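Using the sequences and the accompanying hints, generate a full structural model.
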Amino acid sequence: MSLTRSAPPAVNPEPAHRRAPDAGPKSRNWLHRFDNKRVPYLLISPFFLLFAIFGLFPIVFNGVVALRNWRLDDPTLTGWAGLANFEKLIHDDAFWNALFNTFGIFILATVPQLLIALMVANLLNRKLRATSWWRVGVLLPYVTPVAASTLVFAVFFSRDNGMANWLLSLVGFGQDAPLDWRAQKWSAWLAIATMVNWKWIGYNALLYLSAMQSIPKDVYEAAAVDGAGPWRQLWRITVPMIQPVLVFTVVLSTIGGLQLFNEPMLFEENPAAASGGSNGQWQTIAQLIYKVGWKDLNLGYAAAMSWALFLIILIVAALNALATNRLGGGRR
Amino acid sequence: MERFAKRGVALIAAGLAGSLVLAGCSGQDLEGGSDKAAEGQVTLKVNFWGDMGLDKLKAAYEKDHPNVKIVLNSGEYNAQHEDLQKKLVAGSGAPDISAVDEGFIVQFRGQSDKFVNLLDKGAASYESKYLPWKWQQSMSTDKKTQIGLGTDVGGLAMCYRSDLFKKAGLPTDRESVSKLWTTWDDFIKVGQQYVSKTGKKFVDSGTNMFNPVLAQQPQGFYDESEQLQMDGGPKVAFDVAMKTIDAGLSANLASFQPNWDQGFKKDQFAVLACPAWMLGHIQDTAPEQKGKWDIATIPGGGGNWGGSWWTIPKQGKNTDEAYKFVEWMVQPAQQIEVFKTVGNLPSQPALYKDPAVLDYKKEFMSNAPTGQIFAATAEGLKPQYLGKKNGPTRVAVENVITRVQQGSLKSSAAWPEAVKAAQKAATS
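Those protein sequence lines, which keep their order, are chains Y and R.
Numbering-wise (our numbering), the first sequence opens with residue 1 and increments by one.
Numbering-wise (our numbering), the second sequence opens with residue 1001 and increments by one.
Rather than coming from a laboratory, the hints here were simulated on the basis of the structure.
A few of these clues could be false.
Here are some of the chain R residues that sit facing chain Y, going by a computed Cβ distance under 7 Å [as the list claims (entries may be wrong)]:
id	residue
1	L1119
2	A1254
3	G1302
4	S1408
Here are the simulated distance ranges between beta carbons [to be verified]:
id	chain 1	residue 1	chain 2	residue 2	range
5	Y	S169	R	S1408	15 to 25 Å
6	Y	P112	R	F1256	54 to 64 Å
7	R	G1093	Y	S45	19 to 29 Å
8	Y	T76	R	S1408	32 to 42 Å
9	R	E1327	Y	T78	55 to 65 Å
10	R	K1144	Y	L319	53 to 63 Å
Partial list, derived from the structure: chain Y residues whose beta carbon lies under 8 Å from chain R [said to hold, decoys possible]:
id	residue
11	N69
12	L72
13	N298
Keep in mind the model is a prediction, meaning the values are calculated, not measured.
Glycine included, every Cβ here is placed at the ideal spot set by N, Cα and C.
So this is what it looks like as structure tokens:
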């Protein structure tokens, strides 16, 4: 901040020097006050401006659209719809199916993801050879573009020449009738959850690791003296002490899990469908919103669904944060 | 999750997006400025998918029109249509010229106010040159606006692997093969022979039986008053698909997917219902099968699958120049040039009598006279009305067929499910 004040004389020294004596104290004062009172706001304003444009405006605009009729294939149908779109939502079994899928995949993806991340972080926190190599290694899936990895997984889980089925056949499953991963809910959910877990375990593990490293060693030593094994140390010392980070990851996973879109979308065999399988086996809400908006061309209804998803995420994230707080033994 | 992964990341991304927006604006300003400076210099952006044989045309047109610069932008089929739809909603950013496929033309002709009415530009004189149904398909419902000039039609024939037919003891030349199957029931019988001889599947998928059979029916999913009519054409086509699956002929592969492409190479199917534009795909997917494919007539009569139009979104700055280019592209010389380069069949019947089309033989397909074969199927066609909800309805019914193939639905119980799915799509 002092930089802004000293910058003008440095850039253009001559006039500033000459003017400084007569106009000095007053302008200095003004500058000083501006620097103290306004500059901080100025500096953080880009975020809020961008948030207003790309965050707040879409949310509000979506809310307005949700209350209107807006069909691309029927331009004559306009005007306020009131709550008709939301009413339709409640009776739409596709929405409830998508909600069910979203939560199913969310649980299959989030619970193992965070548990395994905790284990991985715990391992990485020990003295290992080539520590940085391991730490960078677990982050690799995270930096892989989701479209690229999902396309690979889509082939991995394909019926005829997929590696998943090849692995299964090694242990004697499905040799005569290979498993069609996309045919059933459970198998499709499992495949998608695997993609999500693969991508996010390393990322969460590193977050946990950084939190773990700030735990003082003497706590563990004291526990060890009292006879606590590694397992007990993990659950009684580590988990409570990294609890803020736990809450953070749980909230983030909730938001991400409920907005799951790329993975189910690219898992689709017919990209024109966006129906999440032949019978909506794995259609998530985000995918359904996309289908209603850009395939059925009903933007008003899609906006209503988006708002419903927004509210659901708010509620679930709050519940999760609360639950994690309790579990971790926190009293905040 | 990526969006909310980290506030820092989001912020940087937002910042980047912001600067991109700024850069975009300034870029446009600059372009506008130079436009004025160069006096009448016009840039036309053309969006399409795959290869429409435009590279040579672009060079020729730019040579004759030094003030016009043409930017070709080929993308993925679905993405290009979606992009166009979004830009139409946004009111800006659409290309000057956009190709629209049959699968999407209904969606866009419903928004005819967003496109330049080509009748205003003098396109009416071309009506008599086009296949009547091709001309009608891109007309708005009130018949007052023509949003596109047709470029190609698909036609419909049956591609088959003559080498695999030989192994199965079936005839291999195109006349005898065509005689094997005049009806779809014959076709299924031939398939059963093939399967019992070779132990391999005959067709790629039940949906690729449903779609061509539906295209042959006088009426599709909807009648002209936009009422869903499942008991007409769709029922006939659905029954053929079910019979095929029940007879064990289908390899159950989803079209245009990695598994399907592998199916070509692994000889997982021996026939493929093919419109003219499919030949390019076969050639790209399995170049080593040159000379192993041939083309017979399709059972059940003529039909059409796919084909595109050139449209001009109204929001463009240079719609006059855009129309001039489109008009030039649909002239006989250019249409024949495209046919020769990529194989897309013109949609103007006069060209079917042109020696360049009549005598053309496709080397990859065992020198089959593709011009003659596909023209014959497209020319005699009765127009089928495509309803507003045609696209989503098709996907819904295809999904039911896929469920049968996946074994999660019995073929005997499938029709009521298909009707239910279609009704849902009709009211969605």
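Status of the hints after comparison with the structure:
Checking R:L1119 against chain Y: minimum C-beta separation of about 19 Å lies over 7 Å; hint violated. At its closest, the beta carbon of R:A1254 sits 4 Å from a beta carbon of chain Y; the interface hint therefore holds under the 7 Å criterion. The interface hint given for R:G1302 is broken, as the beta carbon of that residue sits about 25 Å from the closest beta carbon of chain Y, more than 7 Å. With a least beta-carbon distance of about 6 Å to chain Y, the hint placing R:S1408 at the interface is held under the 7 Å criterion.
The hinted range of 15 to 25 Å is satisfied by Y:S169 and R:S1408, whose Cβ atoms lie roughly 22 Å apart. Against the hinted window of 54 to 64 Å, the Cβ-Cβ separation of Y:P112 and R:F1256 comes to about 33 Å, which falls outside the hint. Checking the proposed 19 to 29 Å range against R:G1093 and Y:S45 shows it holds: the Cβ atoms sit about 28 Å from each other. For the hinted restraint 32 to 42 Å between Y:T76 and R:S1408, the CB-CB distance of approximately 40 Å keeps it satisfied.
For R:E1327 and Y:T78, the hinted distance range of 55 to 65 Å is not satisfied, since their beta carbons lie about 34 Å from each other. At roughly 56 Å, the beta-carbon separation of R:K1144 and Y:L319 lies within the given 53 to 63 Å, and the hint holds. At a threshold of 8 Å, the smallest CB-CB gap from Y:N69 to chain R is about 14 Å, leaving the interface hint violated. Nearest Cβ of chain R to the Cβ of Y:L72: about 6 Å, under the 8 Å cut. The hint holds.
Because the beta carbon of Y:N298 sits about 7 Å from the nearest beta carbon in chain R, less than 8 Å, this interface hint is met.
Hint compliance for this structure: hints 1, 3, 6, 9, 11 are not met, and every other hint is.
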